[in-house]
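Just so you know, we're using our numbering here: the sequence shown kicks off at 1 and counts up by one.
Take the hints with a grain of salt, since some may be wrong.
[Stated by the list, open to error] Okay, derived cross-link-like pairs now, DMTMM-like style, lysine to aspartate or glutamate, Cα gap no bigger than 25 Å in a straight line:
hint, residue 1, residue 2
1, K152, D79
2, K48, E111
3, K126, D41
4, K112, D51
5, K126, D51
6, K152, D39
7, K126, D138
8, K112, D138
9, K126, D39
10, K152, E75
11, K112, E122
12, K48, D115
13, K48, D138
14, K152, D82
15, K48, E122
16, K126, D115
17, K112, D41
18, K126, E111
19, K48, E116
20, K112, D39
21, K126, E116
22, K48, D119
23, K152, D138
None of these hints come from the bench; they were simulated from the model.
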Amino acid sequence: MADISLRDVLLTIHVICAVIWVGGGVALNVLATRILRADPDILRPMIKTFDWVVNRTIIPASLLVLIFGVILVIEGVWDFSDTFVILGIIGGVSTFVLGITVLSPRLRLQEKLWDEHGDQSEIASKALARTLLIARIDVVMLLVIVGIMVTKPAV
1 MADISLRDVL
11 LTIHVICAVI
21 WVGGGVALNV
31 LATRILRADP
41 DILRPMIKTF
51 DWVVNRTIIP
61 ASLLVLIFGV
71 ILVIEGVWDF
81 SDTFVILGII
91 GGVSTFVLGI
101 TVLSPRLRLQ
111 EKLWDEHGDQ
121 SEIASKALAR
131 TLLIARIDVV
141 MLLVIVGIMV
151 TKPAV
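Model the full assembly from the supplied sequences, consistent with the hints where possible.
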């Protein structure tokens with residue numbers, strides 16, 4: 001049996017958290033799209049659940065991905081000047097900040113828009129469409145980051 005190094009432990013935690021972050025984002029996007037098409041009336045109660053899931057799984061996992069990624073660079077063979085490290089940090093921080101400063105607040109705002117203007121109102125529908133578009137862009141950014149981390153381009 002091979003010895004497990006500190007790097008192995010750090011990388012395992014980093015990857016598990018990345019799976020939670022990316023997988024959670026993809027799953028919530030797919031669910032929101034499916035619910036909106038199948039039965040828009042149940043989307044409203046689901047938004048609170050989405051916000052709950054994001055705050056208890058995706059945000060902590062994303063923060064841990066960034067922390068363990070930085071520790072891996074400090075403790076490992078990579079350097080902060082490596083292209084994939086720079087792109088990973090920029091991309092990871094960008095999508096983390098987008099999530100906590102834009103997406104989470106927009107989910108909470110959606111409830112207020114529904115209360116003030118009605119579930120099927122144009123203003124609430126447009127706000128929801130924008131939020132879902134931002135969420136999809138966020139997932140694409142995450143998938144690009146995963147591709148960069150896997151391929152580790154040196155350019």
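Taking the hints in turn, this is what the structure says about them:
Taking the CA atoms of K152 and D79, the gap is about 12 Å. The hint holds against a cut of 25 Å. Taken as a hint, the K48 and E111 pair is honoured in the structure, with Cα atoms around 8 Å apart against an allowance of 25 Å. Proposed proximity of K126 and D41 is supported: the alpha carbons are some 16 Å apart, at most 25 Å. Taken as a hint, the K112 and D51 pair is honoured in the structure, with Cα atoms around 14 Å apart against an allowance of 25 Å.
With a C-alpha separation of about 19 Å, the suggested pairing of K126 with D51 holds against the 25 Å cut-off. For a cut-off of 25 Å, the pair hint linking K152 to D39 is broken: about 42 Å separates their Cα positions. The hinted pair formed by K126 and D138 meets the criterion: a straight-line CA distance of about 18 Å does not exceed 25 Å. With a C-alpha separation of about 23 Å, the suggested pair K112 and D138 falls inside the 25 Å cut-off, and the hint holds.
Annotation: proposed proximity of K126 to D39 holds, straight-line Cα distance about 17 Å (limit 25 Å). The hinted pair formed by K152 and E75 meets the criterion: a straight-line CA distance of about 17 Å does not exceed 25 Å. The hinted pair formed by K112 and E122 meets the criterion: a straight-line CA distance of about 14 Å does not exceed 25 Å. Among the hinted pairs, K48 with D115 is consistent with the structure: their alpha-carbon atoms are about 14 Å apart, no more than 25 Å.
For a cut-off of 25 Å, the pair hint linking K48 to D138 stands: about 19 Å separates their Cα positions. With a CA separation close to 9 Å, the supplied pair K152 and D82 stays within the 25 Å bound. For the suggested pair K48 and E122, the alpha carbons sit about 21 Å apart, so the restraint of at most 25 Å is met. For the proposed pair K126 and D115, the alpha carbon gap of about 15 Å is at most 25 Å, so the pair holds.
The hinted pair formed by K112 and D41 meets the criterion: a straight-line CA distance of about 16 Å does not exceed 25 Å. Only pairs whose Cα atoms come within 25 Å are accepted, and K126 paired with E111 is accepted, the gap being roughly 13 Å. With a C-alpha separation of about 17 Å, the suggested pair K48 and E116 falls inside the 25 Å cut-off, and the hint holds. Taking the CA atoms of K112 and D39, the gap is about 20 Å. The hint holds against a cut of 25 Å.
Under the criterion of a C-alpha separation no larger than 25 Å, the hint pairing K126 with E116 is consistent with the structure, at around 14 Å. Pair hint K48 plus D119 holds up; C-alpha atoms about 15 Å apart against a cutoff of 25 Å. Pair hint K152 plus D138 holds up; C-alpha atoms about 21 Å apart against a cutoff of 25 Å.
The structure does not agree with numbered hint 6 stated previously, though it agrees with all others.
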